[in-house]
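J.: So the protein sequences, as listed, match chains A and B.
The opening position of the first sequence corresponds to residue 10 in the numbering used here, with each subsequent residue numbered one higher.
The opening position of the second sequence corresponds to residue 34 in the numbering used here, with each subsequent residue numbered one higher.
Please note: incorrect hints may appear among the correct ones.
What the hints assert, rightly or not - Derived pair list, reagent style DSSO-like, types lysine-lysine, alpha-carbon separation capped at 30 Å:
{"id": "1", "chain 1": "A", "residue 1": "K31", "chain 2": "B", "residue 2": "K441"}
{"id": "2", "chain 1": "B", "residue 1": "K267", "chain 2": "B", "residue 2": "K246"}
{"id": "3", "chain 1": "B", "residue 1": "K243", "chain 2": "B", "residue 2": "K441"}
{"id": "4", "chain 1": "B", "residue 1": "K195", "chain 2": "B", "residue 2": "K243"}
{"id": "5", "chain 1": "B", "residue 1": "K441", "chain 2": "B", "residue 2": "K246"}
{"id": "6", "chain 1": "A", "residue 1": "K31", "chain 2": "B", "residue 2": "K420"}
{"id": "7", "chain 1": "A", "residue 1": "K31", "chain 2": "B", "residue 2": "K267"}
{"id": "8", "chain 1": "B", "residue 1": "K195", "chain 2": "B", "residue 2": "K318"}
{"id": "9", "chain 1": "B", "residue 1": "K267", "chain 2": "B", "residue 2": "K441"}
It is worth saying that the hints were derived from the structure and are not from the lab.
Predicted, not measured: the structure shown is a model, and the values here were computed from it.
Given next are the chains, with one letter for each unit.
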Amino acid sequence: MGVPSLDRMDAGTLSARLAFYKTDADGTTVMHRIARGYSQTQLEAISQYLSAEASDE
Amino acid sequence: MSKPGFPVDRRRFMAGIGTLAGTSLLPLPAFAKTRARVLIIGGGFGGATAARMLRDLLPSASITLLEPNATYTACPFSNLVIGGTRSIADQYFSYEALSLSGIAVIPERATDIDPVARVVTCGDGRALGYDRLIVSPGIDFRWNAIEGYDAAAVDRMPHAWKAGPGTLRLRDQLAAMDNGDLVVMSVPAPPFRCPPGPYERASLIANYLKNHKPNSKLLILDSQDSFSKMPLFKEAWERHYPDHLEWRAASQDGRVIRVDPATLTLSTDFEDIRADVANVIPPQKAGEIAARAGVADATGWCPIDATSFESTLQPGIHVIGDATIAAPMPKSAFSANLQAKVCAIAVARLLSEMDAQPTVLANTCYSFITPDEAVSIAGVYSNAGGKFTNIDGAGGLSPLAAGPDVRKAEAAQAEAWFAAITGEAFG
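Bound conformation, chain B alone (with noise of 0.2 Å):
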């Protein structure tokens, strides 16, 4: 099958199959030649990656992409950033590829949503009308789920967990602070965008201290007892980080209920603690977009067909990426390339007069654990039968107790990675 104008770049392998398994599995057959209006809003990794997909599935179609930022910033990598050994230019990505390609890309925000109608309307007024719209909006934040986390506390309390001027924001607030001052960091409950991020953000902090503030620490105040790749990130701070991280579990009185940002302050039920660079992570939601769709449930994330994204509370409407509720698949830049693939063949064939059909998906998230060595977690789910599930027997984790040459392996396949999926989305 040619399908001009989707990179799929086979010099990384390594990217791993699962990145092509949305394509591979199911034998596409001629489309009609519809002249459908697919809408997608959202540009990020699910975004970007669906509207290539039905650009080259759909030749016929229009489709367009209401993305209101010029620039992508990309999360993955990001806190390499923080960690001060990469340069926020590698994180960023534009949507011009997308537009050569005959996706018409609009740089306005979605305001509103109306689904019996069928007709989303823009920032500027303008009112745009779908056969099937695809929503990939995203996370946003709970602000105030944390007492005194709001908007307009991250400047003093960075959460950095979208990528962009937070993430210069709190690497340039670890470089001017004094040697032997306090970083504290607090994760959320589940679920949230990228769960082993915090982890790895909490390893490439580390690392600057050791090097940069040997008489600094990082104090990880957690609202979980367990976390993913745990022992991988365990075994690596015990042998690298000794004397510069230390993470207080929920149990141990490690879930921050209530911030001061004027202070620096996280209390927890028994303790308040006073930092000098604060990164707090708050509590999530599906983007706010979802809600306004109706496609969010009272979770504030969105229930969906996992076979065809289809959400289950609006028809005609898909949603893909991290606002779905998808697990066991994580909330992950993988995951929302993946689902996007699969999610545009659903919609081919929808408008094709076809059923969705299922198949096999995956994920691998890599995460560093100090700049040049990194660990992975891998998981294939069928998607079978409108929901989710493992494929037993596949998936797991980087061995423990390795050597720094598989680790640094890992990190070389993790740069692949990042090339291989920022080349799909945007390149």
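Looking at chain A on its own, in the form it has when it is part of the complex (with noise of 0.2 Å):
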């Protein structure tokens, strides 16, 4: 399965995939197991930051 590219996500994009992993029942990867351990605002946080990281080249 391919690897999403977060070179052109948004903050709000990713901070929504992030929190849909908190719920997501798929056991193919390791996100979901993750995701469940971190609040909406610390996905919120690392969303931006993510964001800001892509948005530096």
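Using the hints, build the complex out of the two chains.
T.: As structure tokens, this is what we get:
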């Protein structure tokens, strides 16, 4: 399966994706197992950080 | 926030948000333009990552890495080398990128540490002063904890628990043995580096036997009765290696107490077993320099304040990676990488008259069950209040009874993880 690129993801999209993992029952990646350990606020902070990193380029 | 020079590979998203959490959850303040001297001992996944992170966080500080080996040989994925499906060259990494970024990489071993004077002595006699020291020494072995297993035994009975020449020796012994010969692996009691590692290795050795020495078998003599990802491994073994792998638990007389390298004999309480190839994974402790620095306790491992990674025994010295007492975080490259980032931020804060702050850490360990199928375990942890605790409801294992497509997808994610983690540390 493909690995999604973060290069063009804005913070809102990222944050929504990460939040989705918290309830995702799909067992094919570790993402849902890890995302459940973070609060919504923390996932938003991660998204902000990653999208800022991407726009630095 | 811009952090030039620190390669966060956004294309490796599947590496897991955990690898990024150390930098993500803490709003990074403008650190003091400190000219402090930070010294890092050990250039593995922990030390190399910490050095790079600090280089970026503290541009005016002096960042020095002491690492005697010019080439780093990565442990993750090295079981594939033993199983014959991966080249050791894919495990090699250099410190060139670190040197180019302004980290002083000194190719010497740290031979002594004076925690009061804050001076480290190198193998060449040089004395290096520091304001903060980060020790990332990995593991060393408890020679003769298994009677007869000492440093001289490793040629005949390689442990291959530090990737390098031993990895190749074990691979070559497997290749040279006859079809029908017996392979025996001894697994120590915990704690040890890479809890699922012995069982990944067993899977890949069994895979090699199945394909190349079909009349041969691997016997695992275990000092444990249960182990990491046990249901997933047992399922895989039943499915792939019913004729090539036998696991004997500690309670079934599996614990090896004595070996004789000359005759390749492994002895339990009640039995002497003659092997044709013997892989003895010995009991372990923190890398030797930890004891000399006074940061290891009676257990042989290093107690730390989980929030700052500062030793609870020696102020001014931080310890990260396999050497630490960090349970429930396992001793893994993933843990070491993330602990390095969190520790680097804590050191930068402490050097800038700020306290260390708690955050959320994570770990994922992938294990190959065949050369192209993998399973994983994940965990998420808090380091608040100076202690590591599991965050309930998070983490867990790959699903049982999943098809080969799921296992192959996880193998691809494992590859992506390896590329990301080695890129962060060395790339």
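J.: If a hint holds in the structure, say so; if it does not, say that too.
T.: A quick look at each hint next to the structure:
{"no.": "1", "hint": "K31/A to K441/B", "verdict": "holds (23 Å)"}
{"no.": "2", "hint": "K267/B to K246/B", "verdict": "holds (21 Å)"}
{"no.": "3", "hint": "K243/B to K441/B", "verdict": "holds (20 Å)"}
{"no.": "4", "hint": "K195/B to K243/B", "verdict": "holds (26 Å)"}
{"no.": "5", "hint": "K441/B to K246/B", "verdict": "holds (25 Å)"}
{"no.": "6", "hint": "K31/A to K420/B", "verdict": "holds (25 Å)"}
{"no.": "7", "hint": "K31/A to K267/B", "verdict": "holds (28 Å)"}
{"no.": "8", "hint": "K195/B to K318/B", "verdict": "holds (13 Å)"}
{"no.": "9", "hint": "K267/B to K441/B", "verdict": "holds (18 Å)"}
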